[in-house]
Amino acid sequence: MTTTMMMMMMMMMITMMMMMMGMAMANSPNDGLTTCLYEPCDSQAPVPLPPLPYPYDSLEPSIDNQTMTFHHDRHFAGYTKKMNAALEKMAAAMDDSSNSTIEGLMSSLSSLGADPDTSLAFQNNGGGFLNHKMYFATMSPDGQRTPTSDSALEKAIVASFGSFDKFKEEMSTAAKGVFGSGWAFLVLNQDGQLAVVANPNQNSPLMDSLIPLLGIDVWEHAYYLLRGPDRGAYVDAWWDVVDFAPVEQAFEKVAPA
Amino acid sequence: MNGRTIQARPSARSSRVVGTTHANRRSICAPFSFGRKKTVVKAVPLPDLPYDYGALEPYISGEIMELHHNMHHGTYVKNFNGLLEKQADLEKKGDYAGLISIQQAIKFNGGGHVNHSIFWPNMCAKKDYEPPSGDLAAAIDKEFGSLDGLIAKMSGMAAGVQGSGWGWLAYDPAKEKIFVTTTSNQDPLVTQGNYVPLLGVDVWEHAYYLQYKNKRPDYLANFFEVVNWKDVAERYGQATA
Numbered sequence: 019m020t021t022t023m024m025m026m027m028m029m030m031m032i033t034m035m036m037m038m039m040g041m042a043m044a045n046s047p048n049d050g051l052t053t054c055l056y057e058p059c060d061s062q063a064p065v066p067l068p069p070l071p072y073p074y075d076s077l078e079p080s081i082d083n084q085t086m087t088f089h090h091d092r093h094f095a096g097y098t099k100k101m102n103a104a105l106e107k108m109a110a111a112m113d114d115s116s117n118s119t120i121e122g123l124m125s126s127l128s129s130l131g132a133d134p135d136t137s138l139a140f141q142n143n144g145g146g147f148l149n150h151k152m153y154f155a156t157m158s159p160d161g162q163r164t165p166t167s168d169s170a171l172e173k174a175i176v177a178s179f180g181s182f183d184k185f186k187e188e189m190s191t192a193a194k195g196v197f198g199s200g201w202a203f204l205v206l207n208q209d210g211q212l213a214v215v216a217n218p219n220q221n222s223p224l225m226d227s228l229i230p231l232l233g234i235d236v237w238e239h240a241y242y243l244l245r246g247p248d249r250g251a252y253v254d255a256w257w258d259v260v261d262f263a264p265v266e267q268a269f270e271k272v273a274p275a
Numbered sequence: 647m648n649g650r651t652i653q654a655r656p657s658a659r660s661s662r663v664v665g666t667t668h669a670n671r672r673s674i675c676a677p678f679s680f681g682r683k684k685t686v687v688k689a690v691p692l693p694d695l696p697y698d699y700g701a702l703e704p705y706i707s708g709e710i711m712e713l714h715h716n717m718h719h720g721t722y723v724k725n726f727n728g729l730l731e732k733q734a735d736l737e738k739k740g741d742y743a744g745l746i747s748i749q750q751a752i753k754f755n756g757g758g759h760v761n762h763s764i765f766w767p768n769m770c771a772k773k774d775y776e777p778p779s780g781d782l783a784a785a786i787d788k789e790f791g792s793l794d795g796l797i798a799k800m801s802g803m804a805a806g807v808q809g810s811g812w813g814w815l816a817y818d819p820a821k822e823k824i825f826v827t828t829t830s831n832q833d834p835l836v837t838q839g840n841y842v843p844l845l846g847v848d849v850w851e852h853a854y855y856l857q858y859k860n861k862r863p864d865y866l867a868n869f870f871e872v873v874n875w876k877d878v879a880e881r882y883g884q885a886t887a
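Chains as they are written, first to last, in the numbering used here: chain A, 19 to 275; chain B, 647 to 887.
Certain hints may be false.
[To be verified] Capping the alpha-carbon separation at 27 angstroms, the derived lysine-lysine pairs in DSSO-like fashion look like this:
1. A:K99 - B:K732
2. A:K194 - A:K173
3. A:K194 - B:K861
4. A:K100 - B:K861
5. B:K859 - B:K799
6. A:K107 - B:K788
7. B:K738 - A:K100
8. B:K799 - A:K107
[Claimed, not checked] Estimated spans, in silico, between C-beta atoms of each pair:
9. B:G744 - A:D168: 42 to 48 angstroms
10. B:A798 - A:P218: 40 to 46 angstroms
11. A:D183 - B:K876: 52 to 58 angstroms
12. A:P218 - B:E709: 43 to 49 angstroms
13. B:G839 - A:S126: 31 to 37 angstroms
[Said to hold, decoys possible] Quick look at which bits of chain B chain A covers, simulated, 3 or more residues with Cβ under 8 angstroms:
14. 709-718
15. 854-867
In case anyone wonders, no lab produced these hints; they're calculated from the structure. Computed from a predicted model, the values in this text were never measured in an experiment. For glycine and all other residues, C-beta sits at the position ideal for the given N, C-alpha and C.
Please build the complete structure, drawing on both the sequences and the hints.
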């Protein structure tokens, strides 16, 4: 065999190896950025507004009936409706049979090629939809207030924060420190670590390749009717209605192997 | 119900600073410092409302006005004063990294103070309401066709603010024109350019939620019923002088 032929064969082998590696990476447990963690998981408009899974007054005295009613029936509903309108525009513009989840659209928003107005409408309203479906799904009148002992989630929290209490402290501080409207999130990053991030408005962590598992809404509409400006008291009270059971289930879907 | 504003001006020797204001029977005391080593900072007072808390009823509730002025603006002033002291201290120590690290908080809280200080006099009781006249009216008609045109445009933009922020009627000295814009959070108008704020409308949820819930457009419609166009005209007059 000539040197040239040997080199060509080596090149081919290297190329094939790289392709195989690439394929292996694409087929590896997915990066979680397209995984729907909380219902509904419809990908086509019109995505339905999920009903509140517990009575509106059942989170009292932590969160009042009136707030739950307005928050779910007006704010969450409004985001869902406007997201659906944006989705229709995006479907028309994109050459699409992608059947991407809403989560997948959000994590790839910058590369979808939607026009700026529609893109922003989806960022705000799709973000509002994603954030609120997680918010209402991870609260419950009789939920699990801390992760199950020895669960994958609990171990990950301890690994990333040192202890559950330190995680709680960090998430509370982040929530209380948001200026203006926004959220504090528990997220899983692409290094397989848990972290707390705070985002403005309805910006989803998915836009930064972070998988949101749990969130505290600190827009004023989340607490003002009952507590006026006292966001701190609302954040503290939220821990009395959080439900880690669905968070554990969500984590299992995206946790590193 | 006007309070007196008391400010002690520091003499050349004394660096003791005390600032207090009485606003509707509540007082905000700025921290005072004495001794030559501490830097002198003039405390910013919480300005009084030009009217009683209930004066804008039924358009904006007394409950909102009291919380908004006393708690929200009051907290911005308190935090801003603390930050101004800290800033002076850091500057004096030459800790410029520290100085820069608090600028965001200064923008939040100082901006909150600046914006709300414009907002309160921008409004008046309905019985004192007069539509715009003179030069301001002419400018409005020129740019927006009519007062209704301005209201429609400004309401639309303010309603569209994502999250927290403000709607503004502003003057651009370079173009010698009035225009409508929005800012987010407590960013003062100046962060957008060398513009003069004439009329601001707060669209943070705390400005309307207790009364209007999520119906921000309803709040905006009612806001325009109590705009103090004389105040707006004064600002316009000063800007165009």
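Hint-by-hint comparison with the structure:
1. For the proposed pair A:K99 and B:K732, the alpha carbon gap of about 46 angstroms is over 27 angstroms, so the pair is violated.
2. Simply put, A:K194 and A:K173 have alpha-carbon atoms about 26 angstroms apart, close enough for the 27 angstroms limit, and the pair holds.
3. Of the supplied pair hints, the one linking A:K194 and B:K861 holds, its CA atoms being roughly 25 angstroms apart against a limit of 27 angstroms.
4. A hinted pair counts as satisfied when its Cα atoms are at most 27 angstroms apart, and A:K100 with B:K861 qualifies at roughly 15 angstroms.
5. Between B:K859 and B:K799 the alpha-carbon distance is near 22 angstroms, which keeps this suggested pair within the 27 angstroms criterion.
6. For the proposed pair A:K107 and B:K788, the alpha carbon gap of about 36 angstroms is over 27 angstroms, so the pair is violated.
7. With a CA separation close to 51 angstroms, the supplied pair B:K738 and A:K100 exceeds the 27 angstroms bound.
8. Between the alpha carbons of B:K799 and A:K107 the distance comes to roughly 25 angstroms, so the proposed pair stays at or under 27 angstroms and holds.
9. Between B:G744 and A:D168 the beta carbons are some 44 angstroms apart, a value that agrees with the proposed interval 42 to 48 angstroms.
10. Separated by about 28 angstroms at the C-beta atoms, B:A798 and A:P218 break the suggested range of 40 to 46 angstroms.
11. In this structure, A:D183 and B:K876 meet the distance hint of 52 to 58 angstroms, their C-beta atoms being roughly 56 angstroms apart.
12. Between A:P218 and B:E709 the beta carbons are some 28 angstroms apart, a value that contradicts the proposed interval 43 to 49 angstroms.
13. Between B:G839 and A:S126 the beta carbon distance is about 34 angstroms. The supplied range of 31 to 37 angstroms therefore holds.
14. Residues of the region 709-718 of chain B lying with their CB closer than 8 angstroms to a CB of chain A number 3, which satisfies the three-residue condition for coverage.
15. Counting residues of the region 854-867 of chain B whose C-beta sits closer than 8 angstroms to any C-beta of chain A gives 4, which meets the bar of three, so the coverage hint holds.
Taken one by one, the earlier hints fail for this structure at numbers 1, 6, 7, 10 and 12, listed in ascending order.
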